[in-house]
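Take a look at the letters that make up each chain.
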Amino acid sequence: MHRDYSVEMQRHCSLTHCLSCPRGLQGRVEVGPMPASSTPSTEQTLPYLGPWLEELEGHFKRYPSFQDVHVMIFVGFGFLMTFLKRYSFGAVGFNFLIAGFGLQWALLMQGWFHSLDPMDGKIKIGVESMINADFCVASCLIAYGAVLGKVSPVQLMVMTLFGVTLYAVEEYIILSLIHARDAGGSMVIHTFGAYYGLSISWMLYRPNLDQSKHRIGSVYQSDIFAMIGTLFLWMFWPSFNSAISDHGDGQHRAAINTYLSLAATVLTTIAISSLSQKTGKLDMVHIQNSTLAGGVAVGTAAEFMLMPYGSLIVGFCCGIISTLGYIYITPFMEKYLKIHDTCGIHNLHAMPGVIGGIVGAITAAAASEGVYGKEGLINTFDFTGEWKDMVPTRQGGHQAAGLCVALCFGIGGGIIVGCILRLPIWGDAPDNNCFDDEIYWELPEDEENNPPTVEYNNHMRNKAVTESNLSLERSQNLH
Amino acid sequence: MHRDYSVEMQRHCSLTHCLSCPRGLQGRVEVGPMPASSTPSTEQTLPYLGPWLEELEGHFKRYPSFQDVHVMIFVGFGFLMTFLKRYSFGAVGFNFLIAGFGLQWALLMQGWFHSLDPMDGKIKIGVESMINADFCVASCLIAYGAVLGKVSPVQLMVMTLFGVTLYAVEEYIILSLIHARDAGGSMVIHTFGAYYGLSISWMLYRPNLDQSKHRIGSVYQSDIFAMIGTLFLWMFWPSFNSAISDHGDGQHRAAINTYLSLAATVLTTIAISSLSQKTGKLDMVHIQNSTLAGGVAVGTAAEFMLMPYGSLIVGFCCGIISTLGYIYITPFMEKYLKIHDTCGIHNLHAMPGVIGGIVGAITAAAASEGVYGKEGLINTFDFTGEWKDMVPTRQGGHQAAGLCVALCFGIGGGIIVGCILRLPIWGDAPDNNCFDDEIYWELPEDEENNPPTVEYNNHMRNKAVTESNLSLERSQNLH
Amino acid sequence: MHRDYSVEMQRHCSLTHCLSCPRGLQGRVEVGPMPASSTPSTEQTLPYLGPWLEELEGHFKRYPSFQDVHVMIFVGFGFLMTFLKRYSFGAVGFNFLIAGFGLQWALLMQGWFHSLDPMDGKIKIGVESMINADFCVASCLIAYGAVLGKVSPVQLMVMTLFGVTLYAVEEYIILSLIHARDAGGSMVIHTFGAYYGLSISWMLYRPNLDQSKHRIGSVYQSDIFAMIGTLFLWMFWPSFNSAISDHGDGQHRAAINTYLSLAATVLTTIAISSLSQKTGKLDMVHIQNSTLAGGVAVGTAAEFMLMPYGSLIVGFCCGIISTLGYIYITPFMEKYLKIHDTCGIHNLHAMPGVIGGIVGAITAAAASEGVYGKEGLINTFDFTGEWKDMVPTRQGGHQAAGLCVALCFGIGGGIIVGCILRLPIWGDAPDNNCFDDEIYWELPEDEENNPPTVEYNNHMRNKAVTESNLSLERSQNLH
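Protein chains in written order, with the numbering used here: chain Z, 1404 to 1882; chain D, 1404 to 1882; chain Y, 1404 to 1882.
Chain Z extracted, bound-state conformation (with noise of 0.2 Å):
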């Protein structure tokens, strides 16, 4: 009657794996102790379903999650930044290359933090694991937003290896020491990765920029590639918010919430871009970006109550907000505080990551037993082993010293790799080779063979010539 369960339990325990393993492979690998809750007991049912359950709630549910968080990272953030004219292969090939290698690089560091086994010395790795390592190249991803198209390659890199590990850090003491919430990373990933990126942009401000100015703008289908990223972005946002809630309510909480926000955000975006315009027209940029600060703005509160309403509310200003940024801000930070910012995530991340942890430390220290019920409220907010006796408000000020952590090291850590990043051993591009995909790709010819235009050009120039001809006919005829 007893069915084996030896089975299940030895397919679930392998299915961590030994990413670095410095005492070498000693057998076969096996995870650490599992959480109480699902340790199968000597009971009659519970050990049918113990490690079942487990196995199919904290790992293979989060699969879903973890595509469409991967899909944005690598198609979202990726097309979000070809709009620029003459530097899409950068914008979409750095984006590959940073994201490349900024994964392998944060397993190793948050395994390091998170999932190294004290007892045999080797870092598991699972669906969960590779979700936080694409949160963390999220944060690098967003800091080269920052930075696009006036860095080099290497320098790309140098600024991955600093800021994973930044991270890495950053989230250790703001989830794990100071105990803060932050299923969206408002904090932790937009708040530390948009002040890394414009601190680094600080150190590296070019005065002569403007020799390569007239290459900052977009053309007709740059803006509509873009477009690709910022749907990719918009779409899957719930998942990234989701993604690594708690099962269940506060997962599902974190989506509905992060859904509503993001399609008020739309409707506030589109107003003001067209209010703001004397002739009332739509600015592409806008839309490509401030369409998403909703989606960052809840990060931190979406897996609380925050009630639609308040999810509306919170969409519906930053919508406002990161328009009027890209409108005001963006220009006066350019020419007043030396930061250059090319796609603008001040106004996409750094405002409302900060929005997003005011807002989540203030739902934190609003919740009550009567909205959250008693087991919610400790679900919600973990207030088990050690922070068992914390209360709403405390938690509240918890939140609120985690942005300042992801403050601190966004701008402190980005000024070091800035100093870092100022050696003239990077080969970054001249001031009048900015935003040029010239200079560190292959570039087809266009000259001979562009489909649609080659014709009309070759035709062209047989007219250019038939005109030059026929000027020379002409001028001969006139003798």
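Hints should not be assumed to be uniformly reliable.
Stated by the list, open to error - Derived, one-sided and incomplete: chain Z residues facing chain D with beta-carbon distance under 8 Å:
| id | residue |
| --- | --- |
| 1 | S1642 |
| 2 | L1670 |
| 3 | I1673 |
| 4 | L1685 |
| 5 | F1719 |
Unchecked claim - Covered stretches of chain Y, as calculated for chain D (at least 3 residues, CB under 8 Å):
| id | region |
| --- | --- |
| 6 | 1464-1474 |
| 7 | 1837-1848 |
In short, the hints are calculated from the structure, not lab data.
Just so you know, these numbers come straight off a predicted model, no measurement behind them.
Note that beta-carbon positions come from the ideal geometry of N, C-alpha and C, so glycine has one too.
Based on the hints, put chains D and Y in the right spot on chain Z.
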């Protein structure tokens, strides 16, 4: 030995959210009574699995389907309409606007009809509400296809506002009052949306549209962008038709039938497209649109026992009808019926939608216990509660009635909304500025810095100058 | 107390569909005998969970994987081939045609070999059949890569017809008769598909292809379109390699190993691409293709205990080999072996596929109970039934035999099909019209209304005329 299930129940219960809350938030959010089948009983094993099963089945599993549908709405519809050479910003941008606005309004409208809790006056939101909101938005985006490039964003908002409202009423009548089944929305979404859009287009007929006709057409790259939309619609259509089917049997049938129907449509579309041209060449318009007709046409019958060969036949026929529609019916409608249909939604949504409704009625009427089994019949057609005495033949009649309601709401609603949109207060484009992003968007200046072209043209310009100089020199030499 | 499971069973049973039904539909569709492990026993708890577990595990959970694979087939392969400047319609359109046709034929062919129910002569279709059909189609799309732009749509249909048939036989021999394991299809899909395509390309060698060589190349925008394909392939490759693995352990291992291998490949590809050029510039061809080689090469071994460092090493090496292949081997093959390989599938699929087969054989031969555990070894290599006396070392030999079969079928089949395709009845393009959409597609007229270019060029034309006039005037002035 009894595990405490209050946590699970609680987590489950607070999954739902309160969107509109006329009586204010009193205590924590609660769900309405759960379906009897999952009510925790007092027996030993059932209370354990009951709520968990329910949670897993009812909420979690639909999330990947929701994301697939979400991609169809934003990337699928958005990019499908980018085919116009100068209206790609409007296609993808206004699609974003309509969808972002429509889904908020749809959550409210559908909430009032379907998920309003009589106990506390609150609307509960879950993953299914989000899928239904996306469905509702789909009907408005279909309607947008008919008027693409000819209306202003404000008109689109008005169209969406009324469209969502009409949809909610029509859906309530068809699904709840008439008790027709329509998993993939052949009637509710496609027939309604298409006739709604066509009626509006008829009311807004512009006799002098040929002033803009040089902009009705694609360029090489815009056709490739449109293929992104086509492919994402095509690939995720099985998720669309199965997203709200009953879990298990019905959902699988819906996905597999749709998959087969779509595969058959691709072949006949390409065959007819080639055969219809004297040169045997393929037309991208057909590939982009008609390949999707099979998915529309199995929308109603997909969850029934249509059988694989049934799906293949439906797909086969719809590929032919839809492609011939583009070749013969669209020009006819424009010339004689004064209905200009920019995207050809009559061929992609209206005709296949009506076919889908008819196929659904026939399949329902032909259902028997021999094929479905007693329980299967009850589950598939939901012959429970007040409909427990229903028989398949009568269900067929109800399906047909549902189709008529969808047609009436589409045509009637479209004419009324069309009248409203004819008021000269909405700022629509003049006849010679249709299909042009110029009037609503800040366009990048392509003249100076078009990446591939600029160098060539600079080069060309020099070349032209050189040629001219040459001609000059030659003309000099001649003397 | 006993819940009635007949409903579940019934729902479960009718999940499958009857595709080909030579004996006609008699009563309702039924499944064959279920695997012993899930057969409902007479005990109290098991009948409750048995069918439901089976349903959940066997059918539902694979649906997201199916959608990921589906995206790879239609968007991934389709857009990867759009890199040619004048053959983007053909790339994405004929990819659509091949896939739509191939998957129907594959459902039939694979059904006859694998899921034909001897009881009623019906083929049962489920989510796994759809994944397998997509896999089968993948091998034909790989073959298409070798002949891209050089064959007619009719030839492609013939190629697909025979390709799918050969695949079904080869897969049956390798997986069922030889009992080799090949979760991600390094041998069955990639090696077979690539050599099939290369052999056909060799048979169809065109000595005068250099008449079209000005069209073999990309333009700026076509390279970005191709990156869409690359990224969707790259991101979803872990789903591809794990889609039909055993649930739980094996599936997770497959996903994680693939993810790591792909990440390593990105780095070495970019490094070698830069190092191989004197200027240190990156080549888009390598980024688009070689970054995927790591996913091909862990296809067989992904579900084994390859260990993370094993995956990283495989990915590392394949990035180097594949990139060097593009630089040295492709030109060599074209010049000396008379094999023209448009997309370089020899570097992306053939070599990594063979490497994957070898790595799989070694990993299988090195398997031991110490690493996998007794049950794990049996589960991973399916040492059950008639293979229950199999040992890992012998399994390694069977893996190697499987690789040989794939090679033989690929090369042999390709030569035979190539002979058929050489018949002068298929309407292929003349040598000077290869890689040109013009002959198979109605192309939009770009000359008059190309949005960004037209104005500029009109402007240019005036400019050119002005210059000419200037020269005219100047030439006049000179006299």
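Here is what the structure says about each hint:
no. : hint      : in the structure
1   : S1642     : holds, 7 Å
2   : L1670     : holds, 6 Å
3   : I1673     : holds, 5 Å
4   : L1685     : holds, 5 Å
5   : F1719     : violated, 11 Å
6   : 1464-1474 : holds (count 5)
7   : 1837-1848 : holds (count 7)
Of the numbered hints stated above, the single one contradicted by the structure is hint 5.
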